[in-house]
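Participant: Keeping their order, the protein sequence lines are chains A and B.
With the first letter of the first sequence counted as 1, position 236 gets the number 236 in our numbering; the numbers rise by one all the way through.
With the first letter of the second sequence counted as 1, position 122 gets the number 122 in our numbering; the numbers rise by one all the way through.
In case anyone wonders, no lab produced these hints; they're calculated from the structure.
Treat the hints loosely; a few may be bogus.
[Claimed, not checked] No more than 30 Å apart at the CA atoms, straight line, and that leaves these computed lysine-lysine pairs for DSS-like:
no.: 1; chain 1: A; residue 1: Lys466; chain 2: A; residue 2: Lys513
no.: 2; chain 1: A; residue 1: Lys468; chain 2: A; residue 2: Lys174
no.: 3; chain 1: A; residue 1: Lys426; chain 2: B; residue 2: Lys110
no.: 4; chain 1: A; residue 1: Lys513; chain 2: A; residue 2: Lys468
no.: 5; chain 1: A; residue 1: Lys513; chain 2: B; residue 2: Lys105
no.: 6; chain 1: B; residue 1: Lys50; chain 2: B; residue 2: Lys110
no.: 7; chain 1: B; residue 1: Lys110; chain 2: A; residue 2: Lys174
no.: 8; chain 1: A; residue 1: Lys482; chain 2: A; residue 2: Lys150
no.: 9; chain 1: B; residue 1: Lys50; chain 2: A; residue 2: Lys174
no.: 10; chain 1: A; residue 1: Lys482; chain 2: A; residue 2: Lys513
no.: 11; chain 1: B; residue 1: Lys50; chain 2: B; residue 2: Lys105
no.: 12; chain 1: A; residue 1: Lys426; chain 2: A; residue 2: Lys150
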Amino acid sequence: MNPSKPAKLPSHQAYLPEDIALDYQSDLGEPGEFPYTRGVYPTMYRGRPWTMRQFAGHGTAEETNRRFRFLLDQGQTGLSVAFDLPTLMGLDSDNPLSVGEVGKCGVAIDSLHDMEALFQGIDLARVSTSMTINAPAAVLLAMYVVVAEKQGLALDRIRGTLQNDILKEYIAQKEWIYPPEPSMRLIVDTIEFCSRHLPQYNSISISGYHIREAGSTAVQELAFTLRDGIEYVEACLLRGMSVDDFAPRLSFFFNSHNNFFEEIAKFRSARRLWARVMKDRFCAKDERSWMCRFHTQTAGCSLTMQQPENNIVRTALQALAAVIGGTNSLHTNALDEAWALPTESSAALALRTQQILAHESGITETVDPIGGSYYVEALTNRVEVASCDYIDRIDAMGGMVAAIERGYPQREVQEASFQQQRQVEKQESIIVGVNQFTEESDVPMETLQIGREVEEGQIKALARLKSKRSTSHVRSVLSNLKRDASSNQNLMPPLIEAVRSEATVGEISEALKDVFGIYQEPLS
Amino acid sequence: MKGRRIRVLIAKPGLDGHDRGAKIVARSLRDAGMEVIYSGLRQTPEQIVKASIQEDVDAIGISLLSGAHMHLFSRILELLADEGAEDILIFGGGIIPDQDIPQLKAAGVKEIFQPGTHTDDIVQFLRNHVTPIDSEKGEHSL
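Chain A on its own, in the form it takes in the complex (with noise of 0.2 Å):
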């Protein structure tokens, strides 16, 4: 099939009221209630503002820990832990394949020390942890578990976020481990055992964020990631799980770009698309069910390398089009970011800028300040429907598994990746310092460096730990942990006994490589 050509919303020239056919209970509702168009709570940031979650990451465990530290002392109100590329293919640091990647663009992790160093001195109690993992996310899972335990705190206490969205991998990211049909499993693992154990966290953030880095339209990254989630309800139900078991405890993660009201719309029917699916589709009962509860960044790819305080504007705007529309929580990137991972000084603007948005504006005194809007109730209606068009398209094709082997939302996203990338060539959009109003500079940006000392200090540290653990028992518990991967076992307590015996993420990755195979992109 021939990817459809990405066209951009037409606008009119001013919207009139009959552009709006809204019936105000059934497609708005008040704030908290069904659907949701409104905000997923009556008093939204009345009662608190959105978390300010940085997604940060960077060389060893311990200089991680101090960046964290640093944030959380800025007045940041949540964790959000970026993973170097070993951590996050399943790869440990002396791997062949991990050399020159160790630390270089999140933070090394190949075993419970590790992570306990990276937690080190923060109460988890106190804060909530979002992990961007993926592929080995039920691993790390299990790492965060343990940790968690070691501190003295019970399961059911533990808050933070799993990034545990595999689909939008084989679309968008790409760091991917295992074929889809195994990858669904330990997706579903997860999901039940935090269903079971761990009821204040969030099984899983279906993500749309990567898809439209990777240069889709807004309407793609909805639709593909709302159809995502629809594919891992499906997976559940499957199991044996009913629905209002788990659907609470289901997030998203949405990009925000530089079209403000079509962001605004985007968020907006976000809420409303996943507010019917579940009550519709999945006979969801249970209110917290329907609600989209989501994460949002700024577009990192909407960062400029030429005249980077630009960036800061863009971020601001992108910001305040998140809250606008009604986000949970909100990374904001950093001026530098085109460059390379922020500096400290750079990290901090950036959550100043959330600071002066959340206590400066004024934008927090009421719910969904722009309902109502005769050109935002339009564009969400529309945003809507296009991403309806498409989710009907992927049912047709069996769902999203049978979508993405056949290359079908890949090749969407290409395609409309390529199409901007002509526009800005032609300057039928204009990016500011790029492609207009452009000037000779050449001030030297200072950028965070990362040395190949973490990677030396990884390598020596897995020696010494592979030299004071009980071989044998690292050996039996993988050994059991491949045994279960093999038969419809919850991958969860032997992913923890693995943990604790200081297995590496590696090991347990290459166990489960052994089982589950890997997997290979399609061509296109």
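We have chain A; now place chain B onto it with these hints.
Facilitator: Leaving out everything else, chain B in the frame of chain A:
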């Protein structure tokens, strides 16, 4: 003798899965009439060098957003030298800060294209710097 088109390998080394830029560059070079081979994700430097020799390419474009560029670019250049294939032109792009560029160029990378580059500039760069050589006949084609 029929002229040969410029042959380019667009390569994604390391663990980085961000392929938006690599795919846009591959398609733009193809639209400009070049023969483009895309390596696919997560190729080792060894695999990339082997493919570039087997496919007899004139240039390798390396895309990296993960911060591992210093190691991976250098390793590819070393392996090309070992194979006596230094005539293959190396260029790159991605999240690569200014301060790393002089060292990469000194090591033999011909050009680094940072975010915001017009794809026409990459096409023009290759046309200016690559003269396709028909390796079987050892002659420059027209």
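Participant: With reference to the structure, classify each hint as holding or not holding.
Facilitator: Right, here's what the structure says about each hint:
no.: 1; hint: A:Lys466 x A:Lys513; in the structure: holds (21 Å)
no.: 2; hint: A:Lys468 x A:Lys174; in the structure: violated (35 Å)
no.: 3; hint: A:Lys426 x B:Lys110; in the structure: holds (27 Å)
no.: 4; hint: A:Lys513 x A:Lys468; in the structure: holds (26 Å)
no.: 5; hint: A:Lys513 x B:Lys105; in the structure: violated (39 Å)
no.: 6; hint: B:Lys50 x B:Lys110; in the structure: holds (20 Å)
no.: 7; hint: B:Lys110 x A:Lys174; in the structure: holds (28 Å)
no.: 8; hint: A:Lys482 x A:Lys150; in the structure: holds (26 Å)
no.: 9; hint: B:Lys50 x A:Lys174; in the structure: holds (24 Å)
no.: 10; hint: A:Lys482 x A:Lys513; in the structure: holds (9 Å)
no.: 11; hint: B:Lys50 x B:Lys105; in the structure: holds (22 Å)
no.: 12; hint: A:Lys426 x A:Lys150; in the structure: violated (58 Å)
Comparing the model with each numbered hint stated earlier shows that hints 2, 5 and 12 do not hold.
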